[in-house]
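So you can see what is in the structure, the chains are spelled out below.
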Amino acid sequence: GQQVMQIPQYQHVQEGEDFTTYCNSSTTLSNIQWYKQRPGGHPVFLIQLVKSGEVKKQKRLTFQFGEAKKNSSLHITATQTTDVGTYFCATETPNAGGTSYGKLTFGQGTILTVHP
Amino acid sequence: EAQVTQNPRYLITVTGKKLTVTCSQNMNHEYMSWYRQDPGLGLRQIYYSMNVEVTDKGDVPEGYKVSRKEKRNFPLILESPSPNQTSLYFCASSFYGGRGSPLHFGNGTRLTVT
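Protein chains in written order, with my numbering: chain C, 1 to 116; chain G, 117 to 230.
In silico BS3-like links for lysine-lysine, alpha-carbon gap of 27 angstroms or less:
#: 1; chain 1: G; residue 1: 187; chain 2: G; residue 2: 134
#: 2; chain 1: G; residue 1: 173; chain 2: C; residue 2: 36
#: 3; chain 1: G; residue 1: 134; chain 2: G; residue 2: 173
#: 4; chain 1: G; residue 1: 185; chain 2: G; residue 2: 134
#: 5; chain 1: C; residue 1: 70; chain 2: C; residue 2: 57
#: 6; chain 1: G; residue 1: 173; chain 2: C; residue 2: 70
In short, the hints are calculated from the structure, not lab data.
If we strip away everything but chain C, and leave its shape as in the complex, we get (with noise of 0.2 angstroms):
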C-alpha cells in the first residue's frame, strides 16, 4: 500500500522556537490531511491540501504541498505549550480494485513537546 513517511518522530522545542514536521511519499499523492492529537486524546482534524504547491495558513501554523504534490510540511511559528501533542499527515489511497478511495494512509506522527 502507499507509505507516507513522516519525520521527525520526536521534536523538542523551548517555547517560542519554530517547529516542522514533514511527510515524504515516492508516489503522488491525490491529497494530504493533517491531524493533531493531544496526549491521551484522539486526531482530531487540521486542514486538507489538494494542489499542488499549495500553501494554508491557520494563525501560526503554516501547511504546505509540494509542487510534485509527494511531499507536505506542517510549520508552527513560535511555539507555545498549547502546541504539544503528535501530528499526523494522512493521504487517501484506492483499493485493491482501484474503484474507491477509502483507504486512509497515516505517517508515523511527530512527537512535539514544549519546554516553557
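Since the structure of chain C is already known, use the hints to place chain G on it.
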C-alpha cells in the same frame, strides 16, 4: 452534540475470548473506519465502510471483523483476540469517504489482551 461514541474505553481480556467494540455516530455520516494506534507506527487502518453494507479492508485487517448493518453503527469484532492485538483503537467517521471529508474520531478504546 455531534460525536462518535466508542465503548468501552478500556478493556482487559484473555486470549481467545471473543469481544466487540462498539462505535456509533450521530452525524449521518456515510463513511466509517477503524484504526489501531501503536507507538512508532502511527495510526493504521483496519477496516472501513463507504456506506451501509459496504465494507473493505484497510492495511491491517487480519484478526478483525466488521459489519455495517445500519448507517450509524460500525462495530469491531475480535473473534479470537491475541496479545498482538493489544493496542489503542479509534473509530472515525466522515460525510464521505475518498473525497477529502475530514474524519471525526471517537475517544478511543484501550484494549489489553493477556
